[in-house]
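Colleague: Read off the chains here:
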Amino acid sequence: MVTKTEENQLNRLESQVDNAGGGAWEYLCLVRKLKLRRSDKVLKHGLSILNNPSKRSALGPEEWTLYEQVAVAAMDCQSLDVAKDCIKVLRKKFPDSKRVGRLEALLLEAKGSWELADKAYSSLLEDNPLDQTIHKRRVAMAKAQGNIPGAIEWLNKYLEIFMADHDAWRELAEIYVSLQMYKQAAFCYEELILSQPTVPLYHLAYADVLYTLGGLENLQTAKKYYTSTIDLTGGKNTRALFGVCLCTSAITQVTKGKSKEEKEGSQVQSLAAKVLEKDYKQRAPDKLPQLTTALKSLTLSS
Amino acid sequence: DNFDDDAVVDQQSEIFELWKMVMDRFALPLLIDLCDKAGLDPPPHEACRPGVCSEPSPKTTSVSAPDASSIDAAAEDSAPSSISIAEDSPPIQPPATSTLPPPDSPPSVLCTSLLGSETALSCRIMAEDLVLDTAIRDWVLIPLSVVMVLIGVLRYFVSKLMRSSQTPDVKIVKEGQMMLRARNLRAGANFIPAKAFRARKIYFCNEENGLLFVPKGQAQNPQAQMFSDPNMAMDMMKKNLSMIIPQTLTFAWVNFFFSGFVAAKIPFPLTQRFRSMLQNGIDLSTVDVSYVSSRSWYFLNLFGLRGLFSLILGEENAVDDTQRMMQMGGFGMDPSKGLSAEKDNLDITQHDWALPNFEQRAEAVLRKVVN
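Which chain is which? The protein sequence lines are E and B, in order.
Just so we're aligned, residue 1 is where the first sequence starts under this note's numbering, counting upward by one.
Just so we're aligned, residue 303 is where the second sequence starts under this note's numbering, counting upward by one.
The hints are simulated quantities; they were obtained by calculation from the structure and are not laboratory data.
You may find that some hints are simply not true.
[To be verified] Non-contacting residues of chain B with respect to chain E, defined by C-beta distances greater than 12 Å in every case (computed):
1) Gly341
2) Pro345
3) Arg439
4) Val460
5) Lys541
6) Val589
[What the hints assert, rightly or not] Below, computed lysine-lysine pairings styled on BS3-like, alpha-carbon distance capped at 30 Å:
7) Lys88/E - Lys35/E
8) Lys274/E - Lys670/B
9) Lys476/B - Lys157/E
10) Lys119/E - Lys476/B
11) Lys670/B - Lys296/E
12) Lys35/E - Lys476/B
13) Lys503/B - Lys136/E
14) Lys476/B - Lys183/E
15) Lys143/E - Lys476/B
16) Lys93/E - Lys41/E
All figures in this text were calculated on a predicted structure; none of them were measured in a lab.
Using N, Cα and C, we set each Cβ at its ideal position, and we do this for glycine too.
Can you build the whole structure from these sequences, using the hints too?
Modeller: If you want it as structure tokens, here you go:
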């Protein structure tokens with residue numbers, strides 16, 4: 001997760017670099033550290049440094065890291081020639097390197113020659129069965145080819161070994177949601193919540209999945225998770241507020257004939273509705289009438 | 303030469319006579335009178351009779367039997383003189399209150415100085431303050447520290463060169479990740495629904511095929527593996543050697559060159575127990591335990607330079623001897639023990655769903671936003 005200061009610093013550097021104010025190297029370092037995906041900017045500014053021999057030699061040993069970064073960015077922007085050049089330079093310098101081998105396989109993947117890339121990855125994995133990035137590349141390749149079940153299979157195998165990698169769990173959860181396999185997605189989101197309980201994003205996604213699954217128990221749980229999201233975000237998350245209202249109305253719909261217990265949960269719903277109205281009034285006043293009618297229909301149906 | 307000796311002795315006796323006169327005829331009577339007039343206790347007998355000692359040594363006041371009559375005689379001697387002084391002065395004031403200097407007079411100072419020096423000598427033989435030569439600081443303390451820092455840096459670089467690339471075992475990585483996941487489960491147990499928690503708990507702790515369950519037979523493996531696997535054994539050997547050899551060499555060097563003298567003083571007092579440990583080369587038993595030999599400076603550096611190394615070499619590379627020494631003890635049962643520990647921890651974890659609280663908190667938050 002990127003912190004606020006880092007975000008500010010990044011934006012500042014970005015604007016500075018875009019306006020030709022220097023500081024390209026710090027920008028590139030920051031992007032690399034935070035693992036951001038700003039491939040076009042990285043490519044432009046990285047190339048400007050690399051093509052300038054004096055600046056290049058000023059970098060010293062960091063030059064090769066820059067080559068690697070630019071190569072990956074070039075592949076992302078589909079300028080494969082640039083990437084090939086960078087990789088050639090790296091290969092000349094480090095003839096026996098696994099990192100360079102990885103880049104070459106990445107190039108094959110970018111070109112679209114899936115079988116060759118697959119072979120390259122498998123051979124790399126034989127040498128080093130614990131390379132996380134290569135595993136992930138394989139998953140990504142399967143996904144790019146449209147082979148979602150294959151991607152799921154690879155990802156599961158990866159998670160069997162590296163079960164504490166929450167990024168992988170997140171990827172798996174999203175794949176499951178795209179395939180409408182909500183139960184498995186719920187499991188993945190639970191894993192995410194376990195590893196990072198204070199991130200409201202996961203609570204929200206989990207609540208969405210539970211609401212989609214339906215059923216009284218799931219609806220009640222979903223409502224609880226929506227409220228926890230509200231709590232974690234200080235009431236600013238519109239989606240969670242809507243979720244609370246929808247859940248409450250759905251619950252009352254399901255329990256309409258069953259038990260006449262007065263639940264005090266309606267307070268949350270009315271409060272959420274009020275906050276929504278206030279929010280819309282502030283930010284999108286022309287949509288306010290639609291909102292009020294929608295909310296009324298929810299409460300009416302309950 | 304005899305002639306010289308005689309002259310010296312004569313001079314000494316003359317000086318002694320002079321001193322006796324001043325004492326007996328002037329200082330002491332004045333002191334007694336002052337004490338009388340001021341209403342203080344008369345000075346003690348030792349001070350009154352100093353003159354009986356054979357040697358002219360002003361410091362030692364040997365106490366002979368105070369001769370009461372001689373004291374009175376001295377007093378009487380002084381009395382008429384004082385009275386005569388009083389009479390001689392113009393009769394403006396009555397003789398009882400003669401003009402006298404204030405009581406904080408030289409005689410009392412002389413008296414107390416005589417007393418004080420004697421007491422001072424008698425009590426403080428124990429803790430004299432040794433003054434340590436600054437050369438010790440320049441040539442022992444600083445070079446020793448510098449040498450230890452340099453050896454540490456050297457060791458770091460050597461270990462970097464000699465480090466064989468370890469291919470971590472898949473099983474070990476898997477176990478490590480499993481432990482992380484189990485720990486996360488324990489930490490976040492209250493955030494997921496009870497059903498989910500129970501399902502995961504069974505998954506981990508199930509007796510037959512639970513992930514964390516390590517049957518007894520396998521528990522022995524890591525240690526046997528440690529010794530049979532040549533790579534790991536070599537690694538351990540290398541690590542241990544790289545620590546033991548420099549330590550031994552430095553210790554021997556310190557002992558050889560820097561022994562037999564006091565190197566430093568510890569600022570706080572210590573008990574006698576520490577004497578054998580800290581004062582190894584010093585063979586005097588009366589020296590205060592706070593004065594330590596250079597061997598203890600070596601040990602102090604050994605344990606204390608870790609902070610400095612973490613500054614110089616970067617955070618994780620601190621050549622931490624104390625931790626390594628502790629690790630030497632616990633040899634290899636770590637993985638399986640870790641797993642069973644995690645399993646036990648997970649077994650006893652109760653599930654207390656925290657989400658209902660969140661609901662109330664959300665209410666409060668929303669209320670605040672609305673108002």
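Colleague: Going back to the hint list, which numbers does this structure go against?
Modeller: Structure breaks no hint.
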